[in-house]
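Visitor: Residues per chain are reported as follows:
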Amino acid sequence: MKWLRNNWDQVLAALGEHIVISFTALAIAFTLSLVIGILAARNDRVFRWAIAVTGFLYTIPTLAFLALLIPVVGLGKTNAIICMVSFSLMIMIRNVAIGIREVPADVVDAARGMGMRGIEILAKIEVPLALPVIVAGLRIATVTVISVAVVAAYINAGGLGTLIFSGISNDFAPKIWIGALTSCALAVAADLSLARVERWLRHRAD
Amino acid sequence: MLLVEAWQFILAHPGRFAVALTTHVALSAAALGLAVAMAVPVGVLLANRRRAMLLAITAANVGRTLPSLAVLALVMPLLGTGFVPALFALTLLALPPILINTCTALRQVDADLVDAARGMGMTRAQVMRQVELPVAIPVIFAGIRTASVQVVSGAVLAAYIGGGGLGDFITAGIAMMALPQLLVGAIPATLLALGADRLFGWLQRMLTPVGMRVR
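First to last, the sequence lines map onto chains D and U. Residue 1 is where the first sequence starts when you use the working numbering, and the numbers rise one by one after that. Residue 1 is where the second sequence starts when you use the working numbering, and the numbers rise one by one after that.
If you are wondering where the hints come from, they were derived from the structure by calculation, not from laboratory data. Just so you know, even glycine gets a beta-carbon here, dropped at the ideal spot from N, CA and C. Worth double-checking, as some hints may not be accurate.
Said to hold, decoys possible - Far from chain D by the CB rule (all over 12 Å, computed), these chain U residues:
1. Thr22
2. Ala29
3. Ala73
4. Phe169
5. Ala193
6. Gln204
Stated by the list, open to error - Beta-carbon label-pair distances, calculated as ranges:
7. Leu3/U <-> Arg112/D: 32 to 42 Å
8. Val107/D <-> Thr58/U: 40 to 50 Å
9. Leu12/D <-> Gly82/U: 29 to 39 Å
10. Leu12/D <-> Arg129/U: 26 to 36 Å
11. Leu11/U <-> Ala105/D: 57 to 67 Å
Next up, chain D with everything else stripped away, as it sits in the complex (with noise of 0.2 Å):
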């Protein structure tokens, strides 16, 4: 405790690395997930196909996808984020496309027939009603990236891994145990705060 007392400001800074890279590889891949979710909602084959293609990338050991991406992206976030990215793809394009299927038929041809366009009927109407499926996905990827993120500090990426490898390297244990824990309490409290979100979403869908 009396290392973390001297060193605080780099845990601080660690855990904020951590936080940035997380958030970074998360925006992507929800954008990525929004557009092929909602195409994969409206055609089975491209549903079929994704969940196959992104499926296979989220089999792959996290080290190993690390290090298959070295020759060609080389070390640092880069590598980190291409990796975090495609691990979230498949939970998140799955629960975009099976949330917008969910939708009852009858309030979507109620939107037609008040007039709404495809556009509008998606934006205003299916998104909406299937956010809470939809942050479900998000949540499980949050949790994904936040532990990717922790093994990326090897190539370089930073964040709180970096603690543990260099704790372990210099066989000094509270560096480990400072750098674990706070890895594991930012997952719980992320994990928590998005099942708050969801469980508030279904709450108003009801």
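For this one, chain D is given, so just place chain U on it according to the hints.
Guide: Showing chain U alone in chain D's frame:
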């Protein structure tokens, strides 16, 4: 080309590759086996205790969010480095998905089905063995499948705490920026994860009672 160089590396170090591969498989299989041996019986024991089951599910949900590397790293100051600490950490990582799926699967068994079995004079244990477990098997195996992929992935990270396995080639490859060596670790590890996913997907279908199969 990189792939050719990676292949040549394997041919030049067949012993090292074989040891890494077998360690990886042994570590993953042992962790998965231990996790199944613990999580499934606990799920069965909790089946008729609603509150305890809810508590277990909540705990498992928290466990599931913890980053794999953080769990592996936390084991190191407590148990040191090597195969056994890695096995311990990987078992911990495999428990939540299996426990959650066992609990939810048993909870979702149709109550009428259980009533009918009881009415036919089956004892509680018989109902569990002959009705509830067979009906729950597909969902339980889905959990084991998730856990298997997670364990194979986690075993790559075990290299950091001296657990051996294919991760050794990746960490060495990154340290020396030896690209072929990276592939020697990364490609077999990926194939193992895909293989585990396929294997348990197939087992899941095979073990689903014939009457429940979707054709």
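Visitor: List in ascending order the numbers of the hints, as given earlier, that are violated by the structure.
Guide: 3, 4, 5, 7, 8, 10
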